[in-house]
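Throw the hints in and build the complete structure from the sequences for me.
Chains as they are written, first to last, in the numbering used here: chain A, 673 to 861; chain B, 168 to 645.
Where hints are given, some of them may not hold.
Claimed, not checked - Below, simulated DSS-like cross-link-like pairs (lysine-lysine); rule was C-alpha separation at most 27 Å, straight line: (1) A:Lys820 / B:Lys327; (2) B:Lys327 / B:Lys341; (3) B:Lys536 / B:Lys226; (4) A:Lys853 / B:Lys327; (5) B:Lys570 / A:Lys773; (6) B:Lys344 / B:Lys327; (7) A:Lys750 / A:Lys773; (8) A:Lys805 / A:Lys738; (9) A:Lys773 / A:Lys805.
The set of hints was computed from the structure by calculation and includes no laboratory data.
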Amino acid sequence: MNAGSSTQDRLREHDFDGIREYDNRLPNWWLWTFYIMIIFSFFYWVHYHVLHTGPDQWQEYAAEVKAEEEKLASLAAKNPVTDETLLEESRNHEVVARGKKVFMTNCVSCHKADGGGLVGPNLTDRFWIHGGKPAQILHTITVGVPAKGMVAWGPVLGASRIRDVTAYLLTIRNTNVPGGKGPEGSEEK
Amino acid sequence: MNVPEGSGVDQEEDLKEVKRLRSGPRRPDLETLYCIDEDGSHHVIHPADVRGRFQRIKKAVWTILVVIYVALPWIRIGGHPAILIDIPRRHFFLFGHTFNAMDFWLAFFFLAGVGLTLILLSALYGRVWCGYACPQTVFLEGFYRRIERWIEGTAPQREKLARSPWTVRKILKKGGKHFAYLVLSLVLAHVFLSYFIPVRELGNVVTSSPAAHPAAFVFVMALTAVMMFNFAWFREQLCLIICPYGRLQSILSDPDTIVVGYDARRGEPRGRYNREGRGDCIDCYRCVAVCPTGIDIRFGLQLECIGCANCIDACDEVMDKLGQARGLIRNDSLNGFEGRRSRFWRPRVVAYFSLLALVFGGFVYATSKVEPIEARFVRLPGPAYVIEGGKIRNQFRLRLLVKEGGPRHVSIEPLSPEGAEFIFSQRDFDLPLLEYREVMTFVSLPRSSFRQGTAVEVWVRFGEERRTVRAPFVGPDD
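Dropping the structure here:
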């Protein structure tokens, strides 16, 4: 393969149904992509597989999960769901306004625009079927009462909007709107 | 010169060989790619100027294509740009029709249709796409090569400049050329961006800080870099080494396909114009000098031919000067060059045409099935029905969407079953375009009037239009 001028010399030996190929050199830019990849792979191999200075995919995954869990935990620690914090939020006008919007789009069809109850129970009296403490109300909204037709809103609305709507509900309870549904459940003092 | 080490070849010998081959003008052959030199470096091709009827046709076609490309995002049809692909919102506006992500399956018919059109075209007329309509050709020959010709001069002048040592004049010429390329690439990249960001917003996006629209900024910069690399240096290598379409040519074409070719029966034996008994070809190499991919068309149909017809115009000019008939190089089929008649309808043309007709029919049918309005019941998760106080209750979300026209006023009217009590979370409201709205729907029916097979039906009015939405009413078996 030293005399590049002769056709016969540059033809390679293999033969595919009469198709043969010349031994021409690849373009340099093409070769360079190979050279760069070879150099890159060496450093990659040393970094991840010899020195273990970089995380492998499982470590990366575990780190991401841990970071997310820590974020959630710190959020919960800063703002825990308790009767007291929910009551606190019900005094925040912004939260209540957001909650009212959620209520008006999702809840009114069963609980009526004023909360007096329709298919669903009256939310403005002292009586609660599944517990009237703030945290209990939030729980009922989140998991729903499927047998009675109350949707589990947790996956639909998400945690923060459920807190908002709970805050709104705490502002309308015990207002006993006129024309409301009769008492259901037990009295909450 | 780059000769890899350890290849088992005597490097000294190899280098000498390479030098020997590079001395003297290189001529195209069938064994090597003309744009790659023996040592693997890019052999820059400087196609000579050419005039003629195909140049005029191409100029007209390219002008029309570029005008369409630039103008489409500015044209508004039905209140929306003629083409706008809004990826973040997944709204696609195409020629007055609106599609969302749910309609993406239509892309199958569209892409299959485009692919089959190209296949049919290649079987009939070879690579007309490459020569006349491919963006690579339109931008390279229509813009970049013109700029190069304007700044650096004719092909011999360009070649001389490339060989000359670096002087102030060369730096100015090369720098000016690449600056012009850069400006042009930036403009073309922004035009492309206007297919994804409405032109009305594009002005704000371009004048604001890159940090405000990082995705668009990176996109335009990357596209500009790719265009610079491609049009300033890479050029014909894209067609010859990367593009898969040219490689398909050999399976798509047959001896009846119209291609750019050389009439060897007329031209051979080639020879100097004053030689006795020569054919029509005077071996002037004009056809090679004007070729943008650096082939000699007289070797016959080759992978590298992009069907640009430069060699036809060049040869016709020479034939005119010699007083010989035009068409020594012409658009004809391989059968035609052999003196036989070429057929238009061959089995492969019939097959490609039938497939194309089928896909086109599918496309028309499928698009006619895309409703501009969507309205349907989605049952709420949980039990299918609830029995309470002697009544059976079914619960739905009524999903509503308007895809065309504009915002509509929506009102909902219960129809069936009779005697049922309907509760809607909303019954009268304005629905913006392309926004899903879910209306909670509760249907209660006294147990006594429930029959198996009862259906829930409501009328939904969207402005002037009305849809009936249906779902089965579910209850206990007894």
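To see whether the hints hold, each was checked on the structure:
Straight-line distance between C-alpha atoms of A:Lys820 and B:Lys327 comes to about 88 Å, which puts the hinted pair past the 27 Å bound. Of the pairs offered as hints, the one joining B:Lys327 and B:Lys341 holds, with about 13 Å between alpha carbons and a cut-off of 27 Å not exceeded. At most 27 Å may separate the alpha-carbon atoms for a hinted pair to count; B:Lys536 and B:Lys226 exceed this at roughly 40 Å. Proposed proximity of A:Lys853 and B:Lys327 is contradicted: the alpha carbons are some 96 Å apart, above 27 Å.
Taking the CA atoms of B:Lys570 and A:Lys773, the gap is near 26 Å; set against the 27 Å cutoff, the hint holds. Of the pairs offered as hints, the one joining B:Lys344 and B:Lys327 holds, with about 16 Å between alpha carbons and a cut-off of 27 Å not exceeded. The hinted pair formed by A:Lys750 and A:Lys773 meets the criterion: a straight-line CA distance of about 25 Å does not exceed 27 Å. A hinted pair counts as satisfied when its Cα atoms are at most 27 Å apart, and A:Lys805 with A:Lys738 does not qualify at roughly 33 Å.
As the CA atoms of A:Lys773 and A:Lys805 are separated by approximately 22 Å, the hinted pair is consistent with the 27 Å bound.
The structure shown violates the earlier hints numbered 1, 3, 4 and 8.
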